Structures are given as structure tokens and as C-alpha cells.
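K.L.:
Note that the protein sequences, when read in sequence, are chains A and B. Residue 318 in our numbering sits at position 320 of the first sequence; the count goes up by one each step and never skips. Take any residue in the second sequence, count from 1 to its spot, add 4: that is its number in our numbering.
Any given hint might turn out to be false.
Unchecked claim - Quick partial rundown of chain B residues pointing at chain A, CB under 10 Å, derived from the structure:
no.: 1; residue: R12
no.: 2; residue: P19
no.: 3; residue: P27
no.: 4; residue: A31
no.: 5; residue: S43
no.: 6; residue: N44
no.: 7; residue: G46
no.: 8; residue: Q49
no.: 9; residue: S77
no.: 10; residue: H92
no.: 11; residue: L116
no.: 12; residue: A119
no.: 13; residue: A125
To be verified - Which residues of chain B face chain A? A partial, calculated answer using Cβ under 10 Å:
no.: 14; residue: A25
no.: 15; residue: F28
no.: 16; residue: Q60
no.: 17; residue: T63
no.: 18; residue: N111
no.: 19; residue: G123
Hints in this document: simulated from the structure, not taken from any laboratory. Every value quoted in this text rests on a predicted model; they were computed, and no experiment measured them. We treat Cβ as the ideally placed atom computed from N, Cα and C, and that holds for glycine.
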Amino acid sequence: MSFSNAVAIVGVGETDYSRASGRTELALSLQAIRAALDDAGIEPRDVDGLMKWWVDTSTEAEVAANLGIPDLAWWGEVNQAGNVGAPLVAHAAAAIHAGLANVVVIYRGVNGRSGRRYGRGDVTGQGGRGAGAFTEPHGLLTPQHGLAMVARRRMHDTGIASRHFGMQAVAQRRHANRNPRATFYGRTLSLEEHQASRLIVDPFHLFDCCLETDGGGALVLASADRARELGKPLVLIRAAAQSGPGVGSPAVRGAKRLFDMAGIGRGDVDVIQIYDHFGPFVLFALEDYGFVDDAAPLVEEGGTDFDSGRLPVNTSGGHLSEAYLQGINHLIEATRQVRGESTAQVRDVRFSFCDTGIGTGSVILERGES
Amino acid sequence: MSGWRFERPPNLPLPQPTEEAQPFFDALKERRLVVQCCSNCGALQHPPRAMCGSCQAMTFHWEEMSGKGCVYSYVVTHQAVHPALAGHTPLATVEVELAEGPHITSNLVDVLPEAVKIGMAVEVVFERVVAGVVLALFRHSGAADSAISN
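Same shape as in the complex, but just chain B (with noise of 0.2 Å):
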């Protein structure tokens, strides 16, 4: 597998953030991952959402990831269900558990989709995919394996 790399579909969507998911999206642009924190409990939420589901508070910060985690689970697409996979596949989505808790999807950069195991240990990359926007994609980390997923 070496020399092997993630190629994102170009025709894949693009994200299209509402207005409570733009600071996300912006702070992946500046290089740093960020989930949605309340400022009244610290209750940690991702996707982001207009009340706390913790306390219903409605005021939040945006908390810096340490960008570690493990692969949750996974998905490998091999028939092209819709046309910006056509010629892309196999093509493995992972849900990664972040250190902090909260569970992203994303692709693994450096693993080839049959090599996907849930309990990798990942870390973030940011990659530009086009002009003004960057995405939060994972690395094989030289951490051992998570256990939490055994």
C-alpha cells in the first residue's frame, strides 16, 4: 500500500453549511478542527445545533479538536450510487469517535479502502479540495490502535 493515497471523487457535493455550521467550515479553512461547545454546561455537539441537547442553552463557543481519534465504523461504496462516484470506487467513508468524543465523517488519506479497520488510530489532515474550501480527512497515526472500539 505504500505510495497509495486518498483521491477525493472531484464530483462529490460540496459542503453547503447553513448558517449555525459556517464557523466549522471557516475554521477548517484557518487548519483547525472545531465542534460546537455550550458555553453554559461545556456539552460538546456535532453536527452543530441551535439549542444545547444537554441544557437548552442557546449560546456556544467553537472548541479546538485535538484532531486524534479512532475509526467508529465504515462504509466501502462500490457500485457508483450516484453519478460523482462513477470511476471512484472503491471508495471508504469512515466515522471517526474524535479523542474529545464527538464522531466525524470523513476518508482516510493513507489506507486503502480493504485495509479499513474499526480501532485505527487516526489523526487529522486538512486538505484543500477546491478554492475556499478545505475538509477535515484522517491519517493512520503512529498511535497504537484504540481499544475502545474492542
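So here's chain A without its partners, still in its complex pose (with noise of 0.2 Å):
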């Protein structure tokens, strides 16, 4: 039996992003995990779980010490890369439906500017060791030089073009422009500007390429009859799914898994988040999970807006504008859009899709009758 909407995500919350937070990542996380229990209105003491990015600097020992935290029961992260959010969802649902823990708080905080920045070959190569040693002697020495590999070669087998990942980079900075969150409030982008702005990775522009960001988030998950004491509008996790190395996309197989286990439909999903570190594949995943055959002429025709009526896609800004938090922001945005308190606020959200990493994990919330 699936923990289909058996449990909730209770509590959202996040500090500030910055590119120097001043603090280190440890308390960033505090900080978000303080905030997002006061938004549930649940107390420290009360937490027994913990799940973290396993990219994370902290540990339960720390945080759960920091919290007063009277009896940890249950923790752990899920490894690859900065891809997890959504697979940390599927454990600690599975958790709480299983009885291992009440409330999971699941956390991410990084100093991704001012600390270990992400986008240098320096910090993220592995000297030419491991697999690096057929890539890195080359020239491929970053996350975006695998991707962009990728990207080149899918805009070769489709229609996909630099003026759409460009529409699609507008779209959500338009998005952005309405949430005082986001490190590109007040700052507008052109769909001219992203084709005139420099070249990092070709095909990958500067507008492209996630922000670099200091900053926290984190969820509070519990049963949802806990959920349902609150007092909060009820947001229920439908469905997630993990999907790993296989043959074949990442999401179209964990597409299949996600809605078989959700029980609806792609046309029932009412807004969508999509991991961004690079622009392009919001557009891909679009495709690969089947909500569209071919996403240009989707973005071509503005159908990524929020106000759209279509297919609204990253509605806090995402990781192109808002902040990169390696997916918990996308998950904070989800979890708002299904409460009714995005600052792009799509009309009558029942169903809320994201996904938190090219196909690699990804969850449906619902609104729940509280």
C-alpha cells in the first residue's frame, strides 16, 4: 500500500538569498528549518526525523543538538548529486507511512557564493581522476560541460533552439520580478538580452546558467491526519518517485512510476516546477515527462507564464532567477502554489508537479479538504 496521500508537507520555509550570507551553512539551515516549523506550528521537540542533501556540510548529530531535539528516531540523505529533493520527499513519506518517524524535517543550506561554488572546474573536477580521467584532459571539467554536451546534441535530434531555452528564461524572470525573494526581483530580462548575453558553455548562455546563491530551505513533513490538526490548508503528497541510471530518460521512467502511482493524468497537473541548473532542460523535461510532444512551440506561445492557462512552469522564479537550493526552493514554491500563496499564483491549484533534477526524482502534491 503506497503512502498516497497519507502524508503532508506541514511546513515551509527559507532565510534570505544572498551571494555572502555571513553565515555558515550550518546555521543557514537552522535558520530555514526555525521558520519552516513556524510556519507549521509544530515545536522542535516535536521533530524525530531528519533527511539532508548527502552534498549537505552538516549533520543530524549538529542540527538535531542545535534543535533540541529530545529523541532523533529516524535520518539519512540520498545521494548523487545536488538532485535529491524530491527522492528526500519519497523517503521520509515512506518513513512516516511506514511508522518510523512523525515529523521529518528535510533540509538544505549552502554557502553556493561565497563558499564552494558549483560552476568552477577547480571545486567540482576530479583532477583528471576516477571517471575524469576520459573527460577532464579534454576540457570537460564542470556540471555544464557534461550537460551542455547533452543539450547540443538533443537541440540537433529536435526543434529546440537558443531563442526558446531564451523564452523560457524570460518566462521565469518574469516570474521573479513578482517575488521579493528572489535574487532578480526588480530586475527584468529580455528575450533579446538572454541572446546577446555571453557565451559559457555554447550552447549554454550566461542567462542560462543558475544563479550561485547563499541561502537555506527546508520542509516539515507529518501524517497527514497530524496535518489535518494544524489548521493549514492541506497539502498531501500524491505521489513521488526516484528514478535512477537505466536505459532510457530518467523521467520517462520515473513519469510512469509517478503517475501510475498518482492516478491522474498529465493534463490534470495544474502548475509545474522543474529543476533548473541550466535552462534547457526545463524545456526537455517537459517533454520527457510527457506534458508536451514539443515544448517550443509551447514557449513560443507564452504557455510557461504563470497567467498562461497552460502549463505554468517555475512560478517563484526557479533556479535561473530566483536562487539555486538544489531543488528545495522548488519544493517550497510547489507546497505554496497548492496553499494559494505563490507571488505568481496559478488559479485553483489542485494538483502541483516538480520535479527536482532531469528526471531523477519528482513528486505530485494535491490539495487536500482540511
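Bring the two chains, given one by one in their own frames, into a single complex with the hints.
P.N.:
Spelled out as C-alpha cells, the structure:
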């Protein structure tokens, strides 16, 4: 029996987003967790589960000690890359449903600009070791290099061109311009500016690349029964799926598991968040998850704008224009859309979809009856 | 573009191969491009692994490739996202699909970064980069550019 609609997201919270937080990554996480618990109306002493990104520098022991958790019953992390947000939700929901924990906090705190910068090959590279022996001597040194290689081939195989990447970047910037938390709040972007922006790794222009951000975010999960007692708009986890290595696109395989568990169709989804370390992958994901056969005409018609009535995508601004927090900000926004609390609110949201990394994890949230 | 020749940024990392990968780099020193081949089912796999992903056998030999292939994809680095790239951009890196099937990462020695195209027919050249290290690079061959990528 699945955990579908048996577990809820009961709290969300984040810190300010900046280029130089002046705080430790642990402090950012703790601040975000306090905000999420306040949002939920749950005391730290009631938390008995912790989950984090495997790349997070904190330990569950120091987080538990700082929060004064009296009895940590369950903890864990999911590994791979930055793309583990939805998988963490799946693990936490399964744990709650199985009775291993009652209240689980999922968090991520990172000094991604003032500290370790993921866009730097001397930070993320392997120094020619491991699989890097075959790629780094030839100049593939960062995550963006491998992804640009995939994107270039996909452009060749489909009708998607750089201007389409730009159209999605512009849509997300419009969303960020409505979101006071966003790094690019107050700074507009035109398609011409996108196309004229410098190439970082061709085919990626500057505005195809995510921000580098200092900040933290957190989610609080509990059973649907507990959620109903809290008196907030009810955000149920209708479905969650992971999708790892295998044959073909992880999104194609993961989408089948996700929508099978949800028992709904793509057309039932009201609003979409997609992990955008690089904006082009938003368009690829829309196709791979089966929302559209061809993403190019969708963005040409402005179909990903929050008020388009079509397929609103990345309504907080996403990694391109809100903050790069490895998808926890996407999960927070997906939750806010169900609650009716987004700064680019889509009307009458029942089903809210969130991918947290090129198909490797996804969730569908549903507005429940309180 | 006549006369232009690729100059590898000298401070890019050098291969630090695992034990499984070492024979690939040893063969390059003998001017041979080889790929790991399963001794049970004949499947080629690159980069090499401990187990055959097709039949799960764990015994392998090294099959010499023709060195011919075509450009499957490419990127051009414009921003020096690694100190070794400073002063060495734009730099094109290509993913070559070998005629035998495997894909390998490399650079083109005789094609300007802005002229690289998917489908270009290429053939291997061996370049000694420092003492004891030879890399497999590629040049645009006389063969017709491939239709496999269209």
C-alpha cells in the first residue's frame, strides 16, 4: 500500500538569499528549519526525523543538538548529485507511512556563492581521476560541460533552439520579478538580452545558467492526520518517485511510476516546477515527463507563464532567477502553489508537480480537504 | 582556417587512470586506440568497468578500434571556468561516436571551435602531451560527413 495522500507537507521555510550570507551553512539550515517549523506550528521538540542532501556539510547530530530534539528516531540522506530533493520527500514520506518517524524535517543550507562554487571546475573537478581521466584532459571540467554536451545533441535531434531557452528564461524572470525573495526581483530580462548574453559553455548563454546562492530552505512532513490538526491548508503528497540509472531517460521512466502512483494524467496537473541548473533542461523535462510532445511551440506561445492558463512552470523564478538551492526552493514553491500563497499564484491549483533534477526525482502534491 | 591547429591548454588535468582504465592509456602510448571488450559476449564498453553491463561477465580483452567515427555532440567553452582554461578559450570539446559504437571525449586538432558540427567525419591522431602521456585526438577526415547524426 503506497503512502499516496497519507503524508503531507505541513511547513516550508527559507532564509534570505544572498551572495555572501555571513553565516555558516549550518546556521542557514537552522534558520530555515525554524522558519518551516514556525510555518507548520510545530515545536522543534516534536521533530523526530531529519533528512538532508548528501552534499550538505551538516550532520544530523549537530542539527538535532541545536534544535534540542529530545529523541531523534530516524535520519538519512540520498546521494547522487544536487538532484535529490524529491527523492528525500519520497524517503521521508515512506518513513512516516511506515511508522518510523512522525515529523520529518528535510533541509539544505549552502554558501553556494561565497563558499564552494559548483560552477568552478577546480571545485567540482576530479583532477583527472576516476571517470574524469577520460573527460577532464579534453576540457570537460564542470557539471555544465556534460550537460551542455547533452543539450547540443538534443538541439540537433529536435526543433529546440537557443531562442526557446531564452523564452523560458524570460518567463521565469517575469515570475521572479513578482517574488521579493528572488535574487532577480526588480531586474527584468528580455529575449534580446538573453540572446546577447555571453556564452559560458556553448550552447549555454549566461542566462541559461543557474544563479550561485547563499541560503537555506526546509520542509516539514507529517502524517495527513497530524496535518489536519494543524489547521493550515492541507498539502498532501499524492505521489513521489525516484528514477536512477537505466535504459533511456530517467524522466520517462520516473514519470510512469509517478503518474501510476498518483492515478491522474498529465492534463490534470495545474502548475509545474522543474529543476533548472541549466534552463534548457526545463524544456527537455517537459517533453520527457510527457506534458508536451514539443516544448518549442509551448514557449513560443508563452505557455509556461503563470497566468497563461496552459502549463505554468517555475513560478518562483527557479534556479535561474530566484535562487540556486538545489531544488528545495522548487519544493517550497510547489507547496505554496497548493496553499494559494505563491507570488505568481496559479488559479485553483489542485495538483502541483515538482521535478528536482533532470528526471531523477519528482512529486505530485494535492490540495486536500482540511 | 588553414594553418590553424589545436593547442591543448597545458594545465588541463592529465589522466590519473584507475587500474581498470590503465590499459586504455598504455595502448595510446603505442599509438593504438582500444576499448574494453567482454570476452564472454563481445560487448564493447567505454569507459571500462569491472563487470560487463550486458552479460555480467568479468573477463575482458582490449579491442583495437579503427579510429574512425563522427562528431556526436560538442561544446565550446568560452568562460574560463577552470584556471587551466584562462587564456585558452574558446575551446571545443567533442563527443566522438566511433565506427564500432563507443563514444569517447576528445578534441579536434584541425577544426576551429566555431566550425565544429555534429556529424563531421573524423579520424584519430595520437598526440604526446607530456612525457609518458599520449591522448587520442581527432582530425576532420576526408570521408563524407556522416548521415548517422541526421
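K.L.:
None of the hints should be skipped; say for each whether it holds.
P.N.:
Evaluation of the provided hints:
1. R12: holds (8 Å)
2. P19: holds (4 Å)
3. P27: violated (12 Å)
4. A31: A31(B) check fails; min Cβ-Cβ to chain A is 14 Å, beyond 10 Å.
5. S43: violated (22 Å)
6. N44: Nearest chain A Cβ about 20 Å off; hint violated.
7. G46: violated (19 Å)
8. Q49: violated (12 Å)
9. S77: Nearest chain A Cβ about 4 Å off; hint holds.
10. H92: At about 9 Å, which falls below the 10 Å cut-off, the nearest Cβ of chain A leaves the hint on H92(B) intact, so it holds.
11. L116: violated (13 Å)
12. A119: violated (13 Å)
13. A125: violated (16 Å)
14. A25: This hint holds: A25(B) lies near chain A, its Cβ roughly 6 Å from the closest one there, short of 10 Å.
15. F28: At 8 Å from the nearest chain A Cβ, F28(B) passes the 10 Å test, so the hint holds.
16. Q60: violated (15 Å)
17. T63: Not OK, violated: T63(B) not within 10 Å of chain A, min 22 Å.
18. N111: OK, holds: N111(B) within 10 Å of chain A, min 5 Å.
19. G123: At about 8 Å, which falls below the 10 Å cut-off, the nearest Cβ of chain A leaves the hint on G123(B) intact, so it holds.
Consistency with the previously given hints fails for numbers 3, 4, 5, 6, 7, 8, 11, 12, 13, 16 and 17, ordered from lowest to highest.
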